[in-house]
Amino acid sequence: MDILNNLVFGFGVAFSLENLAYCFAGVALGTLIGVLPGVGPLVTIAMLFPITFHLPAVPAIIMLAGIFYGAQYGGSTTSILVNLPGETASAVTCIDGYQMARRGRAGPALATAALASFFAGCVGTLLIALAGPTLGEWALRFGAAEYTSLMLMALVASAVMTQGDAVKGLAMVVLGLLIGVVGVDVNSGMARYSFGIPELIDGIGFTVVAVGLFAVAEIVVNLESREAREVYTGRVTGLMPTARDLKDAAWPTVRGTAVGACFGVLPGTGPALSSFATYMLEKKLAKDPSRFGQGAIEGVAAPEAANNAAAQTAFIPMLTLGIPASATMAVMLAALTLQGIATGPQVMFDKPDLFWGLIASMWIGNFLLVILNLPLVGVWVRLLTVPYRWLFPSIILFSSIGNYSVSNNPFDVYLCAVIGVLGYVLVKLECEPAPLLLGYVLGPLLEENLRRALLIARGDPTVFFTRPISLAFMIATVLILVVMVVPAARGKRHGA
Amino acid sequence: MKPDLWNNRDFLAGLLFIVLGGLAVALARDYPIGSTMRMGPGYFPMVLGGILFLFGVYVLLRGVRSGDKVKGEWGYRPLALIALSIVLFGFLLDRVGMVPAIVVALFVAAAAGREFRLKEVLLLAVVMTAFSVAVFSYGLKLPYPLLGGY
Numbered sequence: 478m479d480i481l482n483n484l485v486f487g488f489g490v491a492f493s494l495e496n497l498a499y500c501f502a503g504v505a506l507g508t509l510i511g512v513l514p515g516v517g518p519l520v521t522i523a524m525l526f527p528i529t530f531h532l533p534a535v536p537a538i539i540m541l542a543g544i545f546y547g548a549q550y551g552g553s554t555t556s557i558l559v560n561l562p563g564e565t566a567s568a569v570t571c572i573d574g575y576q577m578a579r580r581g582r583a584g585p586a587l588a589t590a591a592l593a594s595f596f597a598g599c600v601g602t603l604l605i606a607l608a609g610p611t612l613g614e615w616a617l618r619f620g621a622a623e624y625t626s627l628m629l630m631a632l633v634a635s636a637v638m639t640q641g642d643a644v645k646g647l648a649m650v651v652l653g654l655l656i657g658v659v660g661v662d663v664n665s666g667m668a669r670y671s672f673g674i675p676e677l678i679d680g681i682g683f684t685v686v687a688v689g690l691f692a693v694a695e696i697v698v699n700l701e702s703r704e705a706r707e708v709y710t711g712r713v714t715g716l717m718p719t720a721r722d723l724k725d726a727a728w729p730t731v732r733g734t735a736v737g738a739c740f741g742v743l744p745g746t747g748p749a750l751s752s753f754a755t756y757m758l759e760k761k762l763a764k765d766p767s768r769f770g771q772g773a774i775e776g777v778a779a780p781e782a783a784n785n786a787a788a789q790t791a792f793i794p795m796l797t798l799g800i801p802a803s804a805t806m807a808v809m810l811a812a813l814t815l816q817g818i819a820t821g822p823q824v825m826f827d828k829p830d831l832f833w834g835l836i837a838s839m840w841i842g843n844f845l846l847v848i849l850n851l852p853l854v855g856v857w858v859r860l861l862t863v864p865y866r867w868l869f870p871s872i873i874l875f876s877s878i879g880n881y882s883v884s885n886n887p888f889d890v891y892l893c894a895v896i897g898v899l900g901y902v903l904v905k906l907e908c909e910p911a912p913l914l915l916g917y918v919l920g921p922l923l924e925e926n927l928r929r930a931l932l933i934a935r936g937d938p939t940v941f942f943t944r945p946i947s948l949a950f951m952i953a954t955v956l957i958l959v960v961m962v963v964p965a966a967r968g969k970r971h972g973a
Numbered sequence: 003m004k005p006d007l008w009n010n011r012d013f014l015a016g017l018l019f020i021v022l023g024g025l026a027v028a029l030a031r032d033y034p035i036g037s038t039m040r041m042g043p044g045y046f047p048m049v050l051g052g053i054l055f056l057f058g059v060y061v062l063l064r065g066v067r068s069g070d071k072v073k074g075e076w077g078y079r080p081l082a083l084i085a086l087s088i089v090l091f092g093f094l095l096d097r098v099g100m101v102p103a104i105v106v107a108l109f110v111a112a113a114a115g116r117e118f119r120l121k122e123v124l125l126l127a128v129v130m131t132a133f134s135v136a137v138f139s140y141g142l143k144l145p146y147p148l149l150g151g152y
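Chains A and B, in that order, are what the protein sequence lines are. Using this note's numbering, read the first sequence as starting at 478 and increasing by one per residue. Using this note's numbering, read the second sequence as starting at 3 and increasing by one per residue.
Derived by calculation from the structure, the hints in this document are not laboratory data. Mixed in with the good hints, there may be bad ones.
Claimed, not checked - Here are the computed lysine to aspartate or glutamate pairs in the EDC-like style, where the Cα-Cα straight-line distance is at most 20 angstroms:
hint, chain 1, residue 1, chain 2, residue 2
1, B, Lys143, B, Glu75
2, B, Lys73, A, Glu907
3, A, Lys764, A, Asp722
4, B, Lys73, A, Glu701
5, B, Lys143, A, Glu495
6, B, Lys71, A, Glu907
Said to hold, decoys possible - Stretches of chain A that chain B covers, calculated by requiring three or more beta carbons in the stretch to come under 8 angstroms of a beta carbon on chain B:
hint, region
7, 690–697
8, 860–872
9, 919–931
We treat Cβ as the ideally placed atom computed from N, Cα and C, and that holds for glycine.
For reference, chain A alone in the conformation it holds in the complex (with noise of 0.2 angstroms):
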């Protein structure tokens, strides 16, 4: 069968010595940085990103890949012994999680959380090498209209789906696609909004786009606030969960990583979104639902798998389509555009170790962090005292030092200040950042195929209407726009 011998290759690719270790460098990096509270996967990313930087495309995204789901699954532990996630994925698994560990469990909640996560991660990857050929090879069809349509669903999708609201994440959408405008235009070669600073001429950075607007101004905003948190402090016993809670577990596990699986692969849901959604499927089902906040081992294993399902999915649109669902996969895609990588379906074809060796790094990886983690709990119980005060400079400072790294230039790092700032002033103002990241990211691409599709169509805009394909996710988009936008507005209307 063709996609055995893919994925033999592609285990033939990850078990090379020099990946073997870069996979275990990044999920070890990630799990450590992501345990840390207060530190979510994506700030993780973003300031380690530039360390990849001097990499080979494949090792590169492999620790890439590493750090994403170790600084996940890092969120969990966090979550379980900490009454405060590290994350907005790990936010549901708090609430029984936590309990659990208050009643003397933590030692099974945390057992639980490392099977289903690595459950959902085996079946997620396994859905990647699956769906992805399957979908390349439909998406190597797709013109510059395809393109254009699909790219503006994503767009619309990730801002209307992600939490608050819906009009503020279409403006964030449209200001990060105008911040993926500032540079050389590759057509005419004219300088747009580079205010005649010749750095600017090549664009903004993406370390200094993604490490002001969630590294710094979560920094900030977690500074101003006084939440203390409490931190389970009691010694972590007895790891083994009972037969009984294996048996408990189970179910929800499985339908845990349906739920994750599919929102994976919808753009703006992701993790978070799935996490919560799985909750309150468990919490529906259960004969008991009373026992769901007290500490109800389904209400650690269902989000936990959905969140690491939907955390494998996620890289299905990204790298079948080179479009990706969430902001983390916004730092996958722009690493791979910094190797050199052309993104898109023919990634697959055109680089097989690079796609395969990732699939296969991701079940190695899994399974590297259910060993990493358990024997190891005590070295992350002791990580979760240690203090913000020490944790937030040094995370200026490695974002600092990787700024400069990536251009050797005082000018990204100052314009990371720059855009830590409107960063903050932005959430402040309770305007999602990750749209914002997602259409920096697909900016370029957006404008490029949207020009070509007009070209060939000889200015003619119907072009995306008429093409089936296009049409399709056409209405896909204003469906999204009906079904989310509406009822909001409405709600609002009969509140006031």
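With the hints as your guide, set chain B onto chain A.
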């Protein structure tokens, strides 16, 4: 303008979008627009700027009507100190070298926190400097002098 508008969440967000969108349109007027068939470099940003402007107007008006306030205080002090820390790092790195830049950046950033314990920050500075030198200068071989400008 009523003073409470300055704490009105959506009013401010709308205003920000209007200013940025307006700026984008104003600047894009210097770039050739072209036609729909052959778009010039000004076409895409001009349209985007216009859309952002309109979204801004909508959000601003909605803010005036709903009157929702910005939640919590504005963290001027941490914001200014964190930004200063980043800027100082960039400014100092190629002038006095990596080690002093790291120490200064760490101290300024730490000052943004709620508590500043000198002993802890000193220790943090020593550890982080050693770590950064090990990782970035020796590990990744970044060519920045540890001390002195270039």
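Each hint tested on the structure:
{"no.": "1", "hint": "Lys143/B x Glu75/B", "result": "violated (43 angstroms)"}
{"no.": "2", "hint": "Lys73/B x Glu907/A", "result": "holds (9 angstroms)"}
{"no.": "3", "hint": "Lys764/A x Asp722/A", "result": "holds (16 angstroms)"}
{"no.": "4", "hint": "Lys73/B x Glu701/A", "result": "holds (11 angstroms)"}
{"no.": "5", "hint": "Lys143/B x Glu495/A", "result": "holds (19 angstroms)"}
{"no.": "6", "hint": "Lys71/B x Glu907/A", "result": "holds (11 angstroms)"}
{"no.": "7", "hint": "690–697", "result": "holds (count 3)"}
{"no.": "8", "hint": "860–872", "result": "holds (count 6)"}
{"no.": "9", "hint": "919–931", "result": "holds (count 4)"}
In terms of the numbered hints stated before, the structure departs from hint 1 and from no other.
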